[in-house]
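*Asks:* Residue numbers (the numbering used here), protein chains in the order written: chain A, 1 to 607; chain E, 1 to 607.
Rather than coming from a laboratory, the hints here were simulated on the basis of the structure. The reader is advised that the hints may include incorrect statements.
A pair holds if it fits inside one copy or across any two, identical chains being indistinguishable in the list.
What the hints assert, rightly or not - For lysine-lysine, the following DSSO-like pairs were computed, each having C-alpha atoms within a straight-line distance of at most 30 angstroms:
hint	residue 1	residue 2
1	306	156
2	156	356
3	320	4
4	78	468
Number of protein chains: 2
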Amino acid sequence: MIDKRSFQIEFQPLGLRDQFPAGISLLDCARQAGFDLVSLCGGKGTCGRCKIQIVSGNVSELLQNEKDTLSAEELAKKYRLACQVYAESDLVVNVPAESLSAPQRLQVEGVEPVVALDPIIQGYTVSLSAPSLSDPRGDDERLFEALERQHGVICKSIDEEVLQSLSRSLRSLNWNISVTIRNTEIVSVDPVESRRLGMAVDLGTTKIAGYLVDLETAKTLSATGIMNPQISYGEDVVARLTRAQMSPQDASTLQAKSLEALATLSIELCQEADGARPDEIKEIVVAGNTAMHHLLLRLPVEQLIKAPHVPSVSQAIDIKARSVGLSVAPGAYVHLLPNIAGFVGGDHLAMLLAIKAWEAEAPLMAIDIGTNTEISLVMRGEITSVSCASGPAFEGAHISNGMRAAPGAIDHLLLADQQIQYHTIHGSKPAGICGSGIFDALAQLVLNGVIDQNGRMQGGHPRVRENKTGREFVIVSEEERNGGSAITITQEDVRELQLAKAAIRTGITVLLKEKELSDSDIDQVVVAGAFGSYLDISSAITVGMLPAIPLSRFRQVGNAAGMGAKAVLISKTARETVQKVAREIRYIELAVAPDFNKTFMQAISLR
Amino acid sequence: MIDKRSFQIEFQPLGLRDQFPAGISLLDCARQAGFDLVSLCGGKGTCGRCKIQIVSGNVSELLQNEKDTLSAEELAKKYRLACQVYAESDLVVNVPAESLSAPQRLQVEGVEPVVALDPIIQGYTVSLSAPSLSDPRGDDERLFEALERQHGVICKSIDEEVLQSLSRSLRSLNWNISVTIRNTEIVSVDPVESRRLGMAVDLGTTKIAGYLVDLETAKTLSATGIMNPQISYGEDVVARLTRAQMSPQDASTLQAKSLEALATLSIELCQEADGARPDEIKEIVVAGNTAMHHLLLRLPVEQLIKAPHVPSVSQAIDIKARSVGLSVAPGAYVHLLPNIAGFVGGDHLAMLLAIKAWEAEAPLMAIDIGTNTEISLVMRGEITSVSCASGPAFEGAHISNGMRAAPGAIDHLLLADQQIQYHTIHGSKPAGICGSGIFDALAQLVLNGVIDQNGRMQGGHPRVRENKTGREFVIVSEEERNGGSAITITQEDVRELQLAKAAIRTGITVLLKEKELSDSDIDQVVVAGAFGSYLDISSAITVGMLPAIPLSRFRQVGNAAGMGAKAVLISKTARETVQKVAREIRYIELAVAPDFNKTFMQAISLR
């Protein structure tokens with residue numbers, strides 16, 4: 001009897017979803033979906049390299065060779081071998097990075113600001129005299145006194161965990177030590193040859209970038225990116241916040257996932273930097289949006305979800321790394337950048353810092369495009385910010401053949417003479433279309449008259465056809481995919497994109513109106529973030545998302561939030577500046593801006 | 001067959017040890033030893049009131065009625081019913097306070113200093129405006145701003161745990177709250193009617209005294225004392241420190257025991273103060289000797305045990321109560337007074353504070369008598385301190401019939417016309433002799449010529465007899481105890497007491513010599529501590545422990561350390577003074593004092 005069932009399978013963190021017939025292994029489903037898992041044994045279930053994790057849904061029974069290959073911990077976490085497992089219902093599947101044959105695109109580079117080395121932690125080499133019957137002072141007192149006498153440094157306290165081991169450390173190191181001080185607190189006591197490192201993290205909703213910095217030289221020793229493991233628990237911030245609000249257990253899981261990611265980063269960054277050890281990390285700086293910030297600290301989120309979207313915490317805060325289970329230097333802190341509003345967080349501030357926004361005299365517009373888009377208008381040192389609910393279309397979600405910027409994603413596209421040319425990430429076979437590709441497609445369809453100004457798809461073009469719900473434009477046909485399903489842009493996709501780009505355009509317009517400026521007054525537009533780096537600015541202008549000003553006025557700065565986090569790690573002055581700026585920024589709630597609805601309706605139109 | 005074995009059984013925290021024949025229940029052993037356990041059923045094993053805990057040694061098998069009566073947790077902790085259990089080897093038995101028919105003497109009262117109410121925590125009632133779309137500031141920012149505007153108070157941080165619940169608290173309390181601030185940190189957010197209480201603790205080696213204070217009125221709401229549950233793990237500080245050093249597990253147990261005691265105190269104090277709740281406790285102050293301090297914080301102790309006896313931590317420290325598992329207000333701190341030296345701790349400083357020692361112009365001698373005796377000489381604001389290893393004789397240990405100040409202990413004694421008169425605590429039948437009784441006995445024996453100046457016991461007195469190891473003086477004979485063993489002072493006891501009192505006298509002499517003073521120059525002698533309160537000063541002068549100056553120059557101030565801890569709780573100024581004084585005190589190590597050996601040898605003589 002032939003199994004005629006078929007199931008919807010969602011592969012995360014790739015953001016790929018499709019319908020697959022029953023009876024084919026998840027390894028084959030992945031291939032059909034257009035991406036490859038590592039498979040050294042060719043699907044025999046022996047190499048154990050095609051590990052995937054079943055997040056939800058029912059699958060076929062666990063086989064003996066899977067039990068042999070996977071660890072007890074992996075089995076408990078529902079890891080399976082993709083080549084041995086079959087869907088028995090709709091599934092959500094998590095694909096660990098190490099199982100992917102080609103890595104995802106994880107941008108860590110960005111335009112780096114020049115900041116002077118002046119970290120919040122300072123190190124001193126100290127030689128103490130050993131105690132004697134005529135000098136039996138306490139070990140803490142002895143250390144304080146030596147620091148003051150030898151370096152003129154006045155300390156007031158010692159971290160509790162450092163205290164626990166201080167007496168033993170002093171003796172085992174023969175009274176010659178390296179002391180790390182943060183403000184007036186001793187946070188680490190080490191051998192004199194020990195290094196003082198710091199980790200900066202851009203905690204994004206989708207991607208997390210980490211940087212390991214030598215705080216004695218300001219040199220970046222390593223940089224790496226990982227997917228945010230919270231993705232399997234909700235693609236966008238609202239989904240995750242809602243889960244956290246509904247269930248304390250989910251809130252704990254979400255927190256654990258982000259902490260796990262920070263721990264992974266600290267280990268990977270150390271591995272990449274020859275011989276670095278996590279316990280040499282004396283300070284961590286995290287820049288994230290308000291939601292990521294709150295989930296990381298397991299702060300209440302109910303008031304963040306509901307209007308007026310109030311952060312529980314907006315000031316910068318410092319917590320002990322160990323209080324959230326991070327194994328770095330004993331007394332190390334995690335510094336979280338301040339938040340500006342419920343949907344404008346520390347990552348936006350970090351970006352503004354990285355581009356030194358507040359130094360701009362002529363109007364500067366700084367845009368962080370994402371599921372939520374934050375925009376700031378800077379003019380003569382005054383900063384006004386808005387947040388736009390641009391939605392997950394740029395991440396490929398809610399788009400028929402959308403996917404994240406993973407191998408096989410069409411990221412650029414040109415339509416000329418009814419001929420289509422596209423580029424995929426890593427040159428792989430096309431699997432779907434990611435944000436920048438979607439934007440190019442939209443722009444090309446507009447330019448070729450396939451879509452009118454209102455977004456209506458016209459018939460007549462050879463690549464336009466009718467589907468069940470309306471028209472669609474075929475980018476890669478079934479034949480071109482050897483019988484796989486076609487990659488198309490549907491009328492519904494166009495509507496989704498119009499809403500997304502209108503949200504951003506509305507934000508820009510509201511900010512300009514508020515300062516009585518017009519598009520042409522903008523001296524500079526800074527586009528930040530991974531999506532913003534790959535976005536074709538011309539396409540974005542064509543569809544009316546970005547202002548139609550000369551391309552020379554645009555700057556794509558890459559992961560500026562990460563660079564800003566690094567600046568905050570390296571420089572106490574930068575840290576203080578961010579906190580000062582955070583208090584001065586004026587936040588405008590778009591929903592209550594004058595003429596919001598009218599502005600939005602106008603912004604929907606394509607040019 | 002008759003069981004002819006006999007076993008040594010030690011009852012703690014009473015400090016009673018004796019030899020008992022096999023085959024009699026521990027309930028009967030207790031009676032023979034001279035104290036009563038609660039026994040409503042008369043030893044049938046049904047009322048469950050004579051609970052005791054087997055700390056070490058082997059006992060008879062657990063019976064069904066014990067399984068029925070004791071909880072699983074109690075069984076796991078080796079609790080048994082005293083009426084049902086028999087010794088099978090030498091034992092150490094812990095007698096919980098609730099099983100004793102008469103309570104132990106636990107002094108909590110003392111001479112209370114007058115300090116102005118000025119606690120480190122301050123409370124403010126704040127009314128906030130609810131957030132709106134046009135005012136969506138973060139909850140933390142809103143609170144900071146209101147505190148500054150309504151009370152002129154500038155806060156800088158909010159305790160992490162308070163932050164976790166801040167957003168919910170503000171909303172559930174309808175934006176009207178009571179805020180507790182410590183320095184510049186918000187440590188608690190409560191309903192406006194909530195109280196601000198504090199707990200002061202004198203963490204003694206043997207006894208722990210606690211005080212619950214209303215920090216808005218400085219009124220003491222309740223006071224209580226409990227035995228230090230560490231006793232079963234070592235009677236004196238050196239025994240406990242050695243255990244902690246030898247085994248990390250024992251160090252953890254010792255820490256857990258003292259934390260357990262603090263938790264018990266907080267609950268009992270609240271029960272005694274009508275309607276008080278532990279979460280209303282916003283600050284805890286602990287004064288203890290250096291060993292108790294280190295064991296409480298699980299600090300390393302190796303350097304404390306070995307010469308030159310160096311404290312790991314000597315400065316005052318503040319730790320979050322929750323970081324050591326105490327359930328009080330979420331952000332409450334435990335403040336530990338500074339230590340002066342390895343064997344002069346925060347309890348001595350608290351005592352000096354309570355008697356306002358540093359205000360003395362004429363020479364003042366402040367003495368804390370205990371297993372370790374701390375003495376300070378104060379003169380024109382200068383304080384010099386020594387520590388004397390007086391040993392546990394005053395607690396009744398190492399004395400043949402010694403015991404702690406529990407019911408049945410002979411605490412005062414008079415020998416006249418060969419007739420002996422004694423007083424027991426609670427007027428119970430005599431069970432042994434406690435510190436003050438031992439001192440009286442020694443003095444009386446000296447005055448009656450039974451002991452010569454060198455401490456040699458003379459024959460000829462009708463109450464003096466020979467025992468296996470030498471002479472002994474019979475206080476209560478076998479006949480007077482109806483066949484129980486006699487209560488005596490042996491020649492060995494006298495030697496033990498001579499060493500103890502010589503240690504103290506040496507400390508006094510060294511301090512005086514150092515300032516070129518003689519006994520008669522002392523303007524005032526303050527004797528603190530429980531033992532010091534019951535000590536007959538005349539007896540102490542008679543045996544040459546205290547200087548022979550007019551009795552009017554002596555002051556017995558009771559539990560001054562507890563009073564000092566309370567002062568530090570009530571007054572920030574007092575707290576700062578203690579820290580300042582701690583840095584200024586000069587500590588002299590007796591072992592390296594000039595002529596130490598000669599001084600000690602002279603001090604051994606009885607007048």
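*Asks:* Which of the numbered hints above does this structure break?
*Replies:* Checked against the structure, the hints that fail are numbers 3, 4, while the rest are satisfied.
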